[in-house]
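**Q** Keeping their order, the protein sequence lines are chains A and B. Counting in this note's numbering, the first sequence runs from 1 upward without gaps. Counting in this note's numbering, the second sequence runs from 1 upward without gaps.
Rather than coming from a laboratory, the hints here were simulated on the basis of the structure. Keep in mind it's a predicted model, so treat the numbers as computed, not measured. Be a bit skeptical, because a hint or two may be false.
[Unchecked claim] Quick list of the computed label-pair ranges, beta carbon to beta carbon:
#1 B/R60 to A/E25: 15 to 21 Å
#2 A/T101 to B/H71: 51 to 57 Å
#3 B/G55 to A/T52: 29 to 35 Å
#4 A/Q11 to B/A16: 29 to 35 Å
#5 B/N169 to A/V92: 45 to 51 Å
#6 B/G119 to A/M98: 43 to 49 Å
#7 B/D4 to A/R43: 24 to 30 Å
#8 A/R46 to B/A12: 53 to 59 Å
#9 B/T162 to A/V92: 42 to 48 Å
#10 A/T101 to B/A116: 48 to 54 Å
Heads up, the beta-carbon is just placed ideally off N, CA and C, and yes, glycines get one too.
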Amino acid sequence: MKAKMSSVNRQCLSDESLVAVMYGEGSTAEDEHRLSCIECARRFRRLEQDMTLIGNALSEPAVSRLARRDSSRRVRTAAPRLWQPLAAAAAVVIGFAMVWTQFADVVQPQGTKVAGEAATGGPSRPPREIALKGAPATRIARAALPEFDASVYLDAALGGALPCGWDDPLESGCGAERLRGAVSMPVLSGGDHYDDLYGLGFAEGYGFSDADYFAGLFGVGG
Amino acid sequence: MRKDPKAHAREATLAATHRDGIARLCRLVLGDAELGEDVCQDVFIKVAATPPPDGADERRWLARVAINACHDVRRGRWWKTQYRRTDEFDESFHENDSRGPERCLLDAEQRERIHAALGELTERQRQVFLLRHFEGWSTEEVAEQLGLSAGSIKTHLFRAITALRDVLNESENE
C-alpha cells in the first residue's frame, strides 16, 4: 500500500483517475496527489470547468435542429428497405435483357461476318465496321431503325458523302457545290438517321472520327 | 371511480418536484426534446398507475422508470424504421439575447455541438453519463440498472466525458 501511494504521489494522475477523483471515487492517494501536484490540480480544475460547461449546455434544451423535433421530424423513411435492392436488381436485369435482345437482333450477323473475315486473314475492313461491331448496343439499336441499312450508309460515308437533311439552316439541302464533289449520301427514308450513325461514329474509341469523316469527304488519306 | 385524494396529491407532488428533471433525462437519453416530453408524460402516467413504494427514493425510482421507457422507445420498431431527424429552421436558434448576438450565437453553437456530441455517443455511454453525472447515481447503482460491471461503467463514463470535452475544446479553439 505504501509503495502504491508513493508511486501515485510521484506520477501525475491519468485522465481516468482524475475523472474518478472528480466523482469522489478516487483513492486517498490519488486525492492527495491531486492536492499536492500543481499540474494535476490545474488539470483537475480544467476538468471541473469543462464538466460545468457541459452540464450547463445539456441542462438547457437543444435550441435547434439537432435535438428539436416537431411533427415534420417524424418523417416516414422510404419504408421497408428490402424492396429497394430487389427492385434495383430487377431493373438492371430487365435493362440488360432488353439491350442484349436488341444487340443480338441487329448486330450479331454483321459482327459474325467481320469476325470470320478476320479469322481467315481476309481484306482489311474499315474501322467503322469494327466500330459497329463493338459499339454499344443501345446506339446500334438506335441507328438501326426500320428501313436503315447501316452498311450502305457507311460505305457512302467512306466515300466522302455528306448527309442530306443537314441540321444547319445555312447549309440545308444536298447541293453539289456544298459537297465539293463528294458523293451524295443516300437519303434515308423516314427521317434523318444519319444523325444516329454520325453520333455513333463520333463515339470515342469506335474508330469513326472527325478525321475519318473529313478524310473521306476530301479524298485524303486511306 | 374517484381516486384516493391522498394518492392524487402524491402524484401531483411527484410531478411538480421531478417533472423537469425527468423530462430532461428523457430528452437527453433520446436526443429529442419532444419525444422526451412524450416519454416523460408516459412515465408519469405509469407512476399514476403504479406509484413508487413507500420509503423509496422517488427521484431514482422515477429515473429508473424513465430509463426503461426510453429503452422501450429505442427498441421499438418505429424508432428503428421510421424515426429520422431532419434539419429544420428554428427561430429560437436565432432569437435575441441580452448577451449580444455574437456571444449568443457562439454559446448556442457550442451548446448545439455538445448536444450533438451527446447524440453521437453510444447508447450505453450516454446513459451512463446521464445517470452518473446528471442524476448523481453511484457507479454501483448505474451498473445495477444497466446490468454492467462497475469497471465497464467507469470506462463508458470516461469515454463519454472525453468525447464531450473534445468537442468543447474544439469549439473553444475555433
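**Q** In this structure, is the beta-carbon distance linking B/T162 and A/V92 contained in 42 to 48 Å?
**A** holds, 46 Å
**Q** Should the hint that A/T101 and B/A116 are 48 to 54 Å apart at their CB atoms be regarded as holding?
**A** holds, 52 Å
**Q** Confirm or reject the claim that A/Q11 and B/A16 have a C-beta distance inside 29 to 35 Å.
**A** With a Cβ separation near 50 Å, A/Q11 and B/A16 fall outside 29 to 35 Å, so the hint is violated.
**Q** Honestly, do A/R46 and B/A12 meet the 53 to 59 Å range at C-beta?
**A** For B/A12 against A/R46, whose Cβ atoms are near 43 Å apart, the range 53 to 59 Å is violated.
**Q** Holds or violated: 45 to 51 Å for the Cβ distance of B/N169 and A/V92?
**A** holds, 48 Å
**Q** State, for the Cβ atoms of B/R60 and A/E25, whether the hinted interval 15 to 21 Å holds or is violated.
**A** holds, 18 Å
**Q** Is the gap between the beta carbons of B/G55 and A/T52 within 29 to 35 Å?
**A** holds, 33 Å
**Q** With 43 to 49 Å as the target window, see if B/G119 and A/M98 comply at their CB atoms.
**A** Holds, at about 46 Å.
**Q** Range first: 24 to 30 Å. Now tell me if the beta carbons of B/D4 and A/R43 are that far apart.
**A** violated, 54 Å
**Q** Mind checking the hinted window 51 to 57 Å against the Cβ distance between A/T101 and B/H71?
**A** holds, 55 Å
Comparing the model with each numbered hint stated earlier shows that hints 4, 7, 8 do not hold.
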